[in-house]
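One line per chain: the protein sequences are L and D, in this order.
Just so it is clear: in the first sequence, position 354 is 354 by the numbering used here, and no numbers are missing.
Just so it is clear: in the second sequence, position 192 is 192 by the numbering used here, and no numbers are missing.
Check the hints yourself; a few may be wrong.
[What the hints assert, rightly or not] Dumping the calculated DSSO-like pairs for lysine-lysine here, alpha-carbon to alpha-carbon at most 27 Å: (1) K81/D x K307/L; (2) K68/D x K205/L; (3) K208/D x K448/L; (4) K445/L x K47/D; (5) K420/L x K107/D; (6) K208/D x K205/L; (7) K206/D x K448/L; (8) K374/L x K420/L; (9) K445/L x K107/D; (10) K210/D x K448/L; (11) K205/L x K129/L; (12) K305/L x K95/D; (13) K92/D x K305/L; (14) K107/D x K397/L; (15) K445/L x K210/D.
In case anyone wonders, no lab produced these hints; they're calculated from the structure.
Here is what each chain is made of, one letter per residue.
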Amino acid sequence: MRNLWIGILGTAFVLSLAWGFTEYRQADQYEKVSVNQYQRSLRDLASNLDQLETDLAKGRVAATSSQKVLYLGQAGTISESAVKDLAQLPAEENGLSYISEFLNRTGDFTRSLAYQISVGHTPTAEEDKTLTDVHERLLTVNQNVQDLVQRVDTEGLAWVDNPSIWTRVAGFWQTETAEAAAAAADGPASSVRSGLDQLNASLQKLPPFSYVGEYESRSVREPLALPKQEVDKDVALKAAKSFLSKMGYPTTELEFSGVSQGALGVYIFKQGNLFMTVSKRGGKVINYRDQREFSERTLSPDQAKEKVAQTLKALEWDLVLTSTEDYGGYLQLEYVQDENGVRYYPDKLRITVALDNGQIIGYDSTPYYAYHQKRNFTKKLTLEQAKTKLRKGFQIKENRMAVIPVMGNREVMAYEFRGKYQDEEYLVYINAGSGIEERIQRIIKTPKGEYLQ
Amino acid sequence: MIAKKRVWVGIFTLSIALILAGVAYGALGDRTLSQGSRGPEVTELQKRLASLGYVVGKVDGIYGTKTKAAITRFQRERGLKVDGMAGTQTIKELKLMTGNSTNASGKSVGPKNVDINLLARCVSAEARGEPYVGQVAVAAVLLNRLEDPAFPNTIADIIYQPLAFSSVADGQINMAPTSSAVKAAQEAVSGVDPTGGAIYFFNPAKTKNKFIWSRPQIMQIGNHMFTR
Chain L
1 MRNLWIGILG TAFVLSLAWG FTEYRQADQY EKVSVNQYQR SLRDLASNLD
51 QLETDLAKGR VAATSSQKVL YLGQAGTISE SAVKDLAQLP AEENGLSYIS
101 EFLNRTGDFT RSLAYQISVG HTPTAEEDKT LTDVHERLLT VNQNVQDLVQ
151 RVDTEGLAWV DNPSIWTRVA GFWQTETAEA AAAAADGPAS SVRSGLDQLN
201 ASLQKLPPFS YVGEYESRSV REPLALPKQE VDKDVALKAA KSFLSKMGYP
251 TTELEFSGVS QGALGVYIFK QGNLFMTVSK RGGKVINYRD QREFSERTLS
301 PDQAKEKVAQ TLKALEWDLV LTSTEDYGGY LQLEYVQDEN GVRYYPDKLR
351 ITVALDNGQI IGYDSTPYYA YHQKRNFTKK LTLEQAKTKL RKGFQIKENR
401 MAVIPVMGNR EVMAYEFRGK YQDEEYLVYI NAGSGIEERI QRIIKTPKGE
451 YLQ
Chain D
1 MIAKKRVWVG IFTLSIALIL AGVAYGALGD RTLSQGSRGP EVTELQKRLA
51 SLGYVVGKVD GIYGTKTKAA ITRFQRERGL KVDGMAGTQT IKELKLMTGN
101 STNASGKSVG PKNVDINLLA RCVSAEARGE PYVGQVAVAA VLLNRLEDPA
151 FPNTIADIIY QPLAFSSVAD GQINMAPTSS AVKAAQEAVS GVDPTGGAIY
201 FFNPAKTKNK FIWSRPQIMQ IGNHMFTR
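Please take these sequences and the hints and turn them into a complete structure.
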């Protein structure tokens, strides 16, 4: 009997050893895979930074615009690759955001400068100085990363700080991981991660460099179409109720559920499946959503559009429909401002309509209130002059005047030409003032409708 | 002579049978599929359903109870007649949602929804059970990061950034997205952003992280606080 027990325990022991060994080997293999990936990303980052730094130096000295555009354009592309490498390296939850921001802004700046030079602009003294500043900052960043690579090579620098056995045991009880103590510490970094954290912290202290670029175009900085004066909650509730009744909803149980902060601050209201927001400034309905399920559809897309047109009229909107996407049970529509034959694409209203009863179930007026304003554009080119700016062989199907947003958070007035070139269809925009080809959009036909790329 | 005739009859019968088999396994939409149907059309049906977030189990070419349940849900959520069968209208609708795009001269350019699928999986993993507006908001946060210099520049880079999303770390991102997550992702891609520019979100009841609490808060939708 005793021997039997010894036998069972012995076998169990041997089995558990074998199991432990396999697990260990597997974990070891996984670790190697991830370390190899880190290695690759860090080295890619270092060589991209090196190339970026060289391109910036060349871009500074280049005298002809073609050379300047070449190097600055290249710098733009390489900075994107560097950001990609950086995003694959071990980091804290909030990431290496200042390094990333610096690299992205460098790319944004060089790309937009390259674009402006390509359309005939000569860099100003201020832009030259910014380029010099950016280059100098990048020299430091590059130096830091090269040092880390060298330390990985020569000292076998760890990727992350290994927590002590006690911290790990404590980790069983605490869900929050220990804060990275090394983040702002001075002295040589104890791991690649803490080295990058140090670099991140040092960039945080520098003031941002100024330039006109593409970033921050999505979030609203200042809603141009809303009055400065704020309304109180009751006025907002009244606006919400009036909106709902025009849409054909009862409003008896509409209740206040919070506010939002920021440039486009709103009051939030709810009623069953309904969610809606009303701007503090001016008390306009900004967002509205009916999250109900659909019943069987009874309307054709055209009938639904007709119903939307009636509702929009009741809500005192005077806009034109520019895009329809058919999602089967519902349509997504886009309306824009149209004045004297000029389309104002930034002033947009998005509508979702259900085909079961033609009710508007989604409404987003954010772009309209964010961008609509009185504009002063002067048209210098005639239609015939604008046509000469198009590529030879471009067959025009339609044309009109339009105001479009362009790089650097600006708007321009342009001639919009819709037409075919060889086997593709495009929208081409020619600036009505300067004659510059501002933007090209390719038209794709999806099963849901036309789509611009 | 008789033997020869028999051979001809045999060949004739065989070819008829082959033609019939070809018709029976025609393209998706040629016939109504229902529980018990089998074949490549069912496989295609299942693939299309799965890509929209309707769970069909294993894609095996057999129209079983799971496929029927998926079709039923698809019909209910799309405002179609609910009968659990994939008839002309249901399949037309499915093709509308999952078909390829073409350029002006009709050349296929693919379905053009690579990012939407990944986005939807992230929304599904991070915000399952949240109200629909909250799901659109989570998708909008991801898209806002594209426009923010502090983040990488593609959807995949943003989602797979180490430690950026717990659903990536625990593998939930690899699960099929829910149908409402797919819809929310599509809506956010079309430009809707209920948060007005948020770049972070977190669950106030579950997070103690100092960094995330220090961000300027915009608004709460469902269980998520959205911040700049």
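Verification of the hints:
no., hint, in the structure
1, K81/D x K307/L, "holds, 22 Å"
2, K68/D x K205/L, "violated, 59 Å"
3, K208/D x K448/L, "violated, 44 Å"
4, K445/L x K47/D, "holds, 22 Å"
5, K420/L x K107/D, "holds, 14 Å"
6, K208/D x K205/L, "holds, 26 Å"
7, K206/D x K448/L, "violated, 40 Å"
8, K374/L x K420/L, "violated, 33 Å"
9, K445/L x K107/D, "holds, 10 Å"
10, K210/D x K448/L, "violated, 44 Å"
11, K205/L x K129/L, "holds, 20 Å"
12, K305/L x K95/D, "holds, 22 Å"
13, K92/D x K305/L, "holds, 21 Å"
14, K107/D x K397/L, "holds, 20 Å"
15, K445/L x K210/D, "violated, 47 Å"
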